[in-house]
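Peer 1: Listed in order, the protein sequences are those of chains E and X. For the first sequence, this note's numbering gives the first residue as 16, with consecutive numbering after it. For the second sequence, this note's numbering gives the first residue as 16, with consecutive numbering after it.
To be clear, the hints were calculated from the coordinates, so they are not data collected in a lab. What you are looking at is a predicted structure, and each value in this text was computed from that prediction instead of being measured. Fair warning: there could be bad hints in the mix.
Which copy is meant is left open, so a pair is good if it fits within one copy or across any two.
Stated by the list, open to error - Derived pair list, reagent style PhoX-like, types lysine-lysine, alpha-carbon separation capped at 25 Å:
no.	residue 1	residue 2
1	K31	K273
2	K77	K241
3	K311	K269
4	K273	K170
5	K310	K269
6	K310	K178
7	K310	K273
8	K123	K205
9	K178	K123
10	K31	K89
11	K218	K204
12	K273	K218
13	K311	K204
14	K205	K77
15	K170	K123
16	K31	K310
17	K31	K212
18	K205	K178
19	K241	K269
20	K212	K269
21	K273	K311
22	K129	K205
23	K77	K123
24	K218	K311
2 protein chains.
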Amino acid sequence: MSSVLVVGSTALDSIKTPYQENPRLLGGSASHAAVAAGFFSPVNLVGVVGDDFPSEYVELYKRHGINIDGLEHKSGQTFHWSGEYEVNMNNRETLSTILGVIEGWQPKVPDSYKKTPYVLLANMAPDVQHAVLDQMENPELVVADTMDLWMNTTKDELLRLIKRVDALVVNDSEAQLLTGYDNVVVATKKIHDLGPKYVIVKKGEHGAILSGPNELFIAPAYPLEKLVDPTGAGDSFVGGMMGYLASREGGHEKNLRKGIVYGTIVASFCCEGFGLHRTGEVTGEMIESRTQELKKMSEW
Amino acid sequence: MSSVLVVGSTALDSIKTPYQENPRLLGGSASHAAVAAGFFSPVNLVGVVGDDFPSEYVELYKRHGINIDGLEHKSGQTFHWSGEYEVNMNNRETLSTILGVIEGWQPKVPDSYKKTPYVLLANMAPDVQHAVLDQMENPELVVADTMDLWMNTTKDELLRLIKRVDALVVNDSEAQLLTGYDNVVVATKKIHDLGPKYVIVKKGEHGAILSGPNELFIAPAYPLEKLVDPTGAGDSFVGGMMGYLASREGGHEKNLRKGIVYGTIVASFCCEGFGLHRTGEVTGEMIESRTQELKKMSEW
Chain E
16 MSSVLVVGST ALDSIKTPYQ ENPRLLGGSA SHAAVAAGFF SPVNLVGVVG DDFPSEYVEL
76 YKRHGINIDG LEHKSGQTFH WSGEYEVNMN NRETLSTILG VIEGWQPKVP DSYKKTPYVL
136 LANMAPDVQH AVLDQMENPE LVVADTMDLW MNTTKDELLR LIKRVDALVV NDSEAQLLTG
196 YDNVVVATKK IHDLGPKYVI VKKGEHGAIL SGPNELFIAP AYPLEKLVDP TGAGDSFVGG
256 MMGYLASREG GHEKNLRKGI VYGTIVASFC CEGFGLHRTG EVTGEMIESR TQELKKMSEW
Chain X
16 MSSVLVVGST ALDSIKTPYQ ENPRLLGGSA SHAAVAAGFF SPVNLVGVVG DDFPSEYVEL
76 YKRHGINIDG LEHKSGQTFH WSGEYEVNMN NRETLSTILG VIEGWQPKVP DSYKKTPYVL
136 LANMAPDVQH AVLDQMENPE LVVADTMDLW MNTTKDELLR LIKRVDALVV NDSEAQLLTG
196 YDNVVVATKK IHDLGPKYVI VKKGEHGAIL SGPNELFIAP AYPLEKLVDP TGAGDSFVGG
256 MMGYLASREG GHEKNLRKGI VYGTIVASFC CEGFGLHRTG EVTGEMIESR TQELKKMSEW
């Protein structure tokens, strides 16, 4: 059993859907990814929060066995995202963003974290991802998640980061934005040309694609009847994957396909509740049982 | 080895893509479906063509072992569809439609066809699908494909047909149009309520979903780097599936999952060329090899 370092945003999310409105939920890429990874292996969290960050959210991290030595408390507001989903839950609009303490944040990785073998650079500004990676000592596997925002605003920093990681995670529209190719197979090849050995494309309800040296893997997603709030699903996916990889013997190459499937399973739970409401009540047994269900659904 | 009856449109297609233009190709739902089914089992074709239908297209049917005793020749123009695809190949626009001899056509099923056990009502007007089904004697499995046009123009006839079939095939947007539910799992349940034991939802590059009594099956699609012309892919899918089912021992329930996968494989070849150009040169070995490739890509 190895452990996972997760760096990313630790945030408050205010989320509206056509059916409900929930203010100031625990959110952020690192929160979702760390909780997801925590189902499988120990997690070292790096993040920053402000004075308004509720202590119950700190307790939630702890309850999931997440090491918070690297969670910095700064004077000011916690990063706060407000967004609204359309009826089909596929499109969302950002209503407001308060950067708060995340603005200009220089992440400091605690000494006790520096040899963590599995490094997940969850979605956030590429310069912060660089700063964390700079402080790590010989990681075994470095995976970066990102989003369209960084492709549009800090593309050079992002491209420099992509060269440094073993795996890049994007969704299908981001793969197109990054490469200019709308065919997902072609786009993954173009992303390989930018550096990473592995490219993982998230396709939401359609699953995910892994492209590695000489292989493509097509992963199914667990079919959901009801999507309550998809916020954090991508972070849960990559967190679940990394946690699974760190928990297994035999190296990441051997376990990557299963890791991706476990990632889609944790993501499916995430979508069933607002924020971390549903993920927070999930057990290892529930994950295993849903994974076996998906296995039966995809056998032929 | 059993055989498949295929009824549907036998047409001329003039297709424009951003890269190429091809007039008067062999097209129509029955042409694509019959050729696809013909890779696996004997096919009895029911259709109608006009004076302008090229004899080389009749030869193509024959070359694929398709029985054309039920291909009626009428005085007039062959059904002719002209359409244009956008750059991403997902959206297409109908430029013109000439119904020709298909208008008011009363299909006559030859006596020698009437006991065909596998009946594929490929996409066409529901009243024609009814008329063919009325003439069949105790079919083992009846599958109907359809499209948004019939949901918008002859919904009552379509709903009456849906009650009569074992399986209905639609794509994801049609499932939503038919039921009013955009969640695909919910939509399949609503379609079951309309009658069919099996509901098959085509998702293009994302594969297909089969919903049956107490099971869901999530089928992957073969990842293509280049889409030349997707016209007929859905027809190839359902044709390939029916051909496979008819070719196997043990009944359709046992073989349905594999049938769907073989359907997606034949559909993938269809997309690689205009009209039936690529499908027409495919061999059983090519289908088998691509299926094994897909198997390796989807194992975990």
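Peer 1: Next step is simple, just say for each hint if it's right about the structure.
Peer 2: Now for the hints, and whether the structure bears them out:
| no. | hint | verdict |
| --- | --- | --- |
| 1 | K31 x K273 | neither (33 Å within a copy, 42 Å between copies) |
| 2 | K77 x K241 | neither (29 Å within a copy, 48 Å between copies) |
| 3 | K311 x K269 | both (21 Å within a copy, 14 Å between copies) |
| 4 | K273 x K170 | neither (31 Å within a copy, 44 Å between copies) |
| 5 | K310 x K269 | both (18 Å within a copy, 17 Å between copies) |
| 6 | K310 x K178 | neither (34 Å within a copy, 31 Å between copies) |
| 7 | K310 x K273 | both (11 Å within a copy, 15 Å between copies) |
| 8 | K123 x K205 | neither (33 Å within a copy, 53 Å between copies) |
| 9 | K178 x K123 | within (22 Å within a copy, 65 Å between copies) |
| 10 | K31 x K89 | neither (28 Å within a copy, 60 Å between copies) |
| 11 | K218 x K204 | both (17 Å within a copy, 23 Å between copies) |
| 12 | K273 x K218 | both (17 Å within a copy, 24 Å between copies) |
| 13 | K311 x K204 | between (31 Å within a copy, 19 Å between copies) |
| 14 | K205 x K77 | neither (40 Å within a copy, 43 Å between copies) |
| 15 | K170 x K123 | within (24 Å within a copy, 63 Å between copies) |
| 16 | K31 x K310 | neither (33 Å within a copy, 41 Å between copies) |
| 17 | K31 x K212 | neither (38 Å within a copy, 38 Å between copies) |
| 18 | K205 x K178 | within (13 Å within a copy, 48 Å between copies) |
| 19 | K241 x K269 | neither (33 Å within a copy, 30 Å between copies) |
| 20 | K212 x K269 | within (14 Å within a copy, 40 Å between copies) |
| 21 | K273 x K311 | both (14 Å within a copy, 14 Å between copies) |
| 22 | K129 x K205 | neither (32 Å within a copy, 53 Å between copies) |
| 23 | K77 x K123 | within (20 Å within a copy, 73 Å between copies) |
| 24 | K218 x K311 | both (21 Å within a copy, 20 Å between copies) |
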